[in-house]
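Here the protein sequences line up with chains A and B, keeping their order.
The numbering of the first sequence is our numbering, which starts it at 1 and goes up by one.
The numbering of the second sequence is our numbering, which starts it at 1001 and goes up by one.
Do not take every clue at face value.
[What the hints assert, rightly or not] Covered stretches of chain B (in silico footprint by chain A; criterion: 3 or more residues with CB under 8 Å from a CB of chain A, positions within the stretch not fixed):
1) 1042-1051
2) 1226-1238
3) 1371-1379
[As the list claims (entries may be wrong)] Quick look at which bits of chain A chain B covers, simulated, 3 or more residues with Cβ under 8 Å:
4) 285-292
5) 317-331
6) 364-378
[What the hints assert, rightly or not] Per label pair, the in silico range of CB-to-CB distance:
7) A/Gly61 with B/Ile1045: 46 to 56 Å
8) B/Tyr1029 with A/Asn85: 28 to 38 Å
9) A/Asn85 with B/Ala1189: 44 to 54 Å
10) A/Ile13 with B/Ile1186: 53 to 63 Å
11) B/Val1014 with A/Trp272: 40 to 50 Å
12) B/Arg1002 with A/Ile241: 38 to 48 Å
13) A/Ser257 with B/Arg1002: 36 to 46 Å
14) A/Ala29 with B/Ala1041: 52 to 62 Å
15) B/Ala1189 with A/Ala29: 48 to 58 Å
16) B/Ile1186 with A/Tyr17: 45 to 55 Å
17) A/Ala235 with B/Ile1045: 24 to 34 Å
18) A/Tyr17 with B/Ile1045: 25 to 35 Å
Keep in mind the hints are simulated off the structure, nothing from the lab.
C-beta: ideal position from N, C-alpha, C; glycine also.
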Amino acid sequence: MHGRGKERKLLLITFLYTLTGGAALYLRAPGPGGLWAVAAATVIFCGFMLLSVVWQRRGTGYDLYITPLISFLTGTGVIFLFRLNPAYGYRQLAWAIIGMAALYMTTTLLSSYHSLADYKYLFALAGIVALLLPIFFGIELGGAKSWLDLGLFHFQPSEFVKLLLVFFLAGYLVENRVLWRAAGGKEYSLPGLQEWGPLLGMWLTALLLLVFQKDLGTALIYFGTFLAMVYMATARLRYIISGAVLFLAGAAAAYLSVGHVRTRVAIWMNPWATAEGSGYQIIQSLYAIDAGGIFGSGLGAGFPEFIPAVHTDFIFAAICEETGLLGGIGILVVFMLLVYRGFKIALIKRDEYSVLMAAGFTALLGLQVFIIIAGVTKLLPMTGITLPFISYGGSSLVANFILAGMLLNISCEVDGA
Amino acid sequence: MRNNVRRLAYILLVGLAAVCVYLALIPVYINHITKSGAALADPRIAAGENRIQRGAILDRHGAVLARSVPAENGYQREYPLGGAAAHIVGYYSNKYGAAGLEKSMARVLLGLEGGSKIINLRNRILGRPGVGNDITLTVDAGLQQYAAKLLAGKKGAVVVLDPATGEVLALASSPAFDPLQPAKYIDDAEAPLLNRALQGAYPPGSIFKIITAAAVLADLPGMAGDTIKCTGKLTVNGFTLHDNAVHGPVDFGEAFTKSCNVAFGRYGLALGAGEFLKQVTAFGIGKSIDFELPVYAGNITPAGEMDGPTLASSAIGQGEVLVTPLHAALLAGAVANDGVIMQPYLVAGYRGRGGSSSRRHPEEWRRAMTPAVAAALREQMINVVRQGTGRAAALPGVTVAGKTGSAENPHGKSHAWFVGFAPAEEPRVAVAVLLENAGSGGSAAAPLAREIIRKALQ
Ligand SMILES: [Zn+2]
């Protein structure tokens, strides 16, 4: 029997935070939007509390910090979406409920995840098919052709393929690691397909995303996660450098041949030159962060609506505007704690498959947070991806809940199983 | 593998921590960009101001010159007087910025300054839009509208003030503009956006003789008794100063009343650059005036460059001398107020919605001359209107004192000036009227001044 009192205490603190946000929204503008925000905070809290109680009954030893951290992020996201536009809030709340269900399913169905290693090639194939689908049947939303129209909602396969990527790489790298090391040890040896195959495969996949789906951000995350996992598995600098060079070559080719990549870079270099056009969005984002100051304008008192696409890619700027530098850093610190917890889970495992999978998921999450926040703050070119758990979007939210579920699975699985 | 995982964890955590640091630097970057002027205007600033109910601008009796009325997305500004008070009130546009009191008093109007801090904090917490302070002016809306009406179709300015307090009762500039659409006037060749009363730099012509006369009365009392023979021109070092007529032999009084350039040129030379400039400075010419709106300080040739011809020209208000209509009104005001120029002001005070208020008190700006000199000049100025060049300013039943000016300038006909005050015995108003290229002050400006004085004394 594992006690989960600490988890519930942290969940309660998180609830007080999101409840305050909902109450502030209601007091500022009494109406259904504010009431729903309060309700959403309560529903998310109750959902995680229920999970906590169920796990306690079952006596599972899941990490105690993961659910409070993601409930904080999800709650903050839902409150801000209700503040930005209640229509987004309702849908996001529905997705959060589905996400919690998905998290529960993940912890139930995939708890013995070691067997997944046997299906790694199936995952790779499924992932590639899922990525190809939008190219033929997809629709373009927000500049990226990475969506499938499922009638009731839009589905973004690439969000789930991220998970398949980690499943595949964890299995593949652990199995082929020894071979790789050996091959790397020989001097003057011609690199074989076994060694360079996956690198080229990943590179092509990333380019596929970049060119056909116009999804620069996802391409960056995929390739970054791939390199991170290869690094952890092999620490072969030559491989990493080759990968980076390939990536840069791909990026340079894309810069020269793909119009939207060139635009993104031009905006990043000097948004002020096109301040009323393509540079408008990032400038508004910077103005929003600047306007927030240290303490922020207060929830509902800022003007985040001046930022186009504020509910998805740019939600971090809205959070900075209304909760200030402290609020923005607060969100980053919560993500850092989540990343810390993820690596901690990886490091307590003995079997390399678990280590690599936990670290891979964590690296994926950390990279995504870094890339999107660096993008909205003009540290890097803006690449148009979601802020995990916070941005509006069902595919992204559910995928991240599954990711969190996998971290929980890994955190409790008995070593050596 | 474990070490690699650890290393990657450090890299990612350090990267995210670096983003935190970078986040704190964004305001520095934005500050740098906005200072360099490359920036796009932040729509938040205007939107924030639109949420605040900007205070109203009221005349001395409470008549509305500007107010905010609820509109879609906040508030909208209304200017009931339209162009008549446009140069005082100014404008306030998200796109073209602000001018006039809308600009200079923006912080008070927005409630950022002078309001109740507690009320502002309460509004902030409850998310209620802020409320600005109402400003009360010294201006009389009726007089202001009347002055604007008299100026309509002409180019020029009128300033009316209370010489005993410095309160500006009217300040009109023509051509005027519609404060709701300043953009329409930006490229207008007539420069309607220019506040001629405060920013117009005009040669004063003979109204400047008030200053020269004050210097003569103070420093050369003997000369004031002498008679000077006016031949219609005065030659100084080969430079010839032309008079408006051949006045023959004139004493000091006749020279002032008839505005004899020969006599005043010679007074200037007799005073010398030092004494003359001392008197000019005593009247505040070239000294910046602390006013709610930007004022041109005026110009006078400095002592080092003041040669004979320039001195003689300056003594009759030509040469390089430049003044604004506001300053011209202050010249008359100095004589009316026993030699003391009161600090001119437009804003009498403001009132916050929370009951806070502030009221301004009159202050002395500078002493231009002794009461005795002022008293002597007053008699001379009464004579100008009674029997001299300013007869057109005379009003039945009221003693008007004044001085005309017809300032030569490079742009065509003379600028017509009249400065004066009334009632001369117990002055309540001092006025300055300037009409660009309208000819002689006595025939063009004096009648207009008379109507303004009549209205002001009602
Ligand atoms: Zn003469």
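Results for each hint:
no.: 1; hint: 1042-1051; result: holds (count 5)
no.: 2; hint: 1226-1238; result: violated (count 0)
no.: 3; hint: 1371-1379; result: violated (count 0)
no.: 4; hint: 285-292; result: holds (count 6)
no.: 5; hint: 317-331; result: holds (count 4)
no.: 6; hint: 364-378; result: holds (count 7)
no.: 7; hint: A/Gly61 with B/Ile1045: 46 to 56 Å; result: 54 Å, holds
no.: 8; hint: B/Tyr1029 with A/Asn85: 28 to 38 Å; result: 29 Å, holds
no.: 9; hint: A/Asn85 with B/Ala1189: 44 to 54 Å; result: 49 Å, holds
no.: 10; hint: A/Ile13 with B/Ile1186: 53 to 63 Å; result: 57 Å, holds
no.: 11; hint: B/Val1014 with A/Trp272: 40 to 50 Å; result: 30 Å, violated
no.: 12; hint: B/Arg1002 with A/Ile241: 38 to 48 Å; result: 22 Å, violated
no.: 13; hint: A/Ser257 with B/Arg1002: 36 to 46 Å; result: 42 Å, holds
no.: 14; hint: A/Ala29 with B/Ala1041: 52 to 62 Å; result: 27 Å, violated
no.: 15; hint: B/Ala1189 with A/Ala29: 48 to 58 Å; result: 50 Å, holds
no.: 16; hint: B/Ile1186 with A/Tyr17: 45 to 55 Å; result: 51 Å, holds
no.: 17; hint: A/Ala235 with B/Ile1045: 24 to 34 Å; result: 52 Å, violated
no.: 18; hint: A/Tyr17 with B/Ile1045: 25 to 35 Å; result: 30 Å, holds
When the structure is compared with the earlier hints, violations turn up for hints 2, 3, 11, 12, 14, 17 and for no others.
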